[in-house]
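Modelling step: build the complete structure from the supplied sequences, incorporating the hints.
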Amino acid sequence: NAGVTQTPKFQVLKTGQSMTLQCAQDMNHNSMYWYRQDPGMGLRLIYYSASEGTTDKGEVPNGYNVSRLNKREFSLRLESAAPSQTSVYFCASLFSGVYEQYFGPGTRLTVT
Amino acid sequence: DQQVKQNSPSLSVQEGRISILNCDYTNSMFDYFLWYKKYPAEGPTFLISISSIKDKNEDGRFTVFLNKSAKHLSLHIVPSQPGDSAVYFCAASLTGNQFYFGTGTSLTVIP
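Chains as they are written, first to last, in the working numbering: chain A, 1 to 112; chain B, 1 to 111.
Treat the hints as calculated values from the structure; they're not laboratory data.
Computed cross-link-like contacts, DSS-like style, restricted to lysine-lysine with a CA-CA straight-line distance of at most 27 Å:
(1) K37(B) <-> K5(B)
(2) K57(A) <-> K37(B)
(3) K57(A) <-> K71(A)
(4) K71(A) <-> K9(A)
(5) K37(B) <-> K71(B)
(6) K37(B) <-> K9(A)
(7) K71(B) <-> K57(A)
(8) K5(B) <-> K57(A)
(9) K37(B) <-> K68(B)
(10) K57(A) <-> K14(A)
(11) K71(B) <-> K5(B)
(12) K9(A) <-> K57(A)
See below:
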């Protein structure tokens, strides 16, 4: 089992460029999450998907869109990147009824 | 507004002694609390959790205490080992859908 995988590991974008962060899990989990981690801010929830076909906003959804492509995959899209979106992005998943989340290794994004 | 707070950014402890990490929360509707451990350049990994209907949960060297009246939880690690050096995040759940994380406490265990 690979667990939760994220691609890419690193990315540098110019302001205004777009990109999609990919996340996949092979644990048959129902729920998937996207977080961002900024210095002094902890992890903040961007979007989550409680099941295939549903998505909901978290604490900081502005500037992002998500797609739950199937049960395994949950992508995060930045349509027009801004320097304020420079962060480390983590994807996570969990099995419904069990509160423990499994996290991917993260994507470090820099927007210049 | 931060609903889960970890007011100590860092903590240093001698090997073999007890480490106590603290976490405060504001939302009385949180139903589950978790601690995660994070090493640099890795994702957080689950450590231990506690339901809001309990006040203590133990797993080996790790014990989590919950004081609902004070809206406070703590993680005790005893004895502390150098491999425990990491950043520790507490997290709180609303119905198992949304999770709120603290800002983390960096623990250094000195050999």
